[in-house]
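S.K.: Sequence:
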Amino acid sequence: MRWLDKLGENMARQVAHRSSRRSVLNRVGKVLVGSAFLMPVLPVARAAAGKKTGDSLLDGATEEELTSCDYWRYCAVDGFLCSCCGGTPTTCPPGTTPSPISWVGTCHNPNDGKDYLVSYHDCCGKTACNRCLCSSQVRERPGYEFFLHNDVNWCMANENTTFHCTTSIVVGLAKN
1 MRWLDKLGEN
11 MARQVAHRSS
21 RRSVLNRVGK
31 VLVGSAFLMP
41 VLPVARAAAG
51 KKTGDSLLDG
61 ATEEELTSCD
71 YWRYCAVDGF
81 LCSCCGGTPT
91 TCPPGTTPSP
101 ISWVGTCHNP
111 NDGKDYLVSY
121 HDCCGKTACN
131 RCLCSSQVRE
141 RPGYEFFLHN
151 DVNWCMANEN
161 TTFHCTTSIV
171 VGLAKN
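Sequence positions in the sequence shown follow our numbering and run 1 to 176.
Everything labelled a hint here was simulated from the structure, so no lab data went into it.
Honestly, I wouldn't trust all of these hints.
[What the hints assert, rightly or not] Label-pair distances were calculated between CB atoms; the ranges are:
hint, residue 1, residue 2, range
1, Leu-25, Trp-72, 55 to 63 Å
2, Ser-135, Leu-25, 49 to 57 Å
3, Trp-72, Glu-159, 41 to 49 Å
We treat Cβ as the ideally placed atom computed from N, Cα and C, and that holds for glycine.
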């Protein structure tokens with residue numbers, strides 16, 4: 001095992017001769033700063049993949065309600081409704097992909113008298129649908145609070161940043 005100690009010592013000495021403490025700190029700093037860009041940096045709500053807790057709330061909704069801006073789950077939507085664009089209130093139309101980031105609203109369901117958290121995901125990849133435009137500002141925050149504002153192109157996290165329509169996924173009951 002003496003040969004392993006000697007090898008480690010020689011390698012450490014070679015690195016010490018070729019570099020200074022400043023250069024090591026410089027490299028460590030670059031790695032730390034670079035790794036910050038690899039992690040998501042936006043403080044936004046993210047819906048759990050595959051969770052569809054609110055789909056059962058669609059059971060009693062008519063087609064007319066699902067394409068109307070007055071439907072309760074669209075209380076904070078800003079965009080074209082996917083239910084008018086070839087998708088459903090909870091799924092994107094074919095040829096589009098949901099944005100991994102979203103904004104969240106708290107909507108009151110008049111049918112059961114409860115408040116629900118609704119996650120709004122933009123569907124991206126096609127040109128704008130241009131049907132059933134809804135622009136609700138219920139509990140919207142000013143534009144300087146970026147992650148609480150619904151007037152943002154949330155497709156910016158996708159490969160294709162073209163906005164098509166918006167889905168409304170009920171995440172769960174709002175806690176009072």
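S.K.: The structure should be examined with respect to each hint, and the outcome stated for every one.
M.R.: Structure-based check of all given hints:
no.	hint	in the structure
1	Leu-25 <-> Trp-72: 55 to 63 Å	holds, 56 Å
2	Ser-135 <-> Leu-25: 49 to 57 Å	holds, 51 Å
3	Trp-72 <-> Glu-159: 41 to 49 Å	violated, 33 Å
Checked against the numbered hints given earlier, this structure breaks only hint 3.
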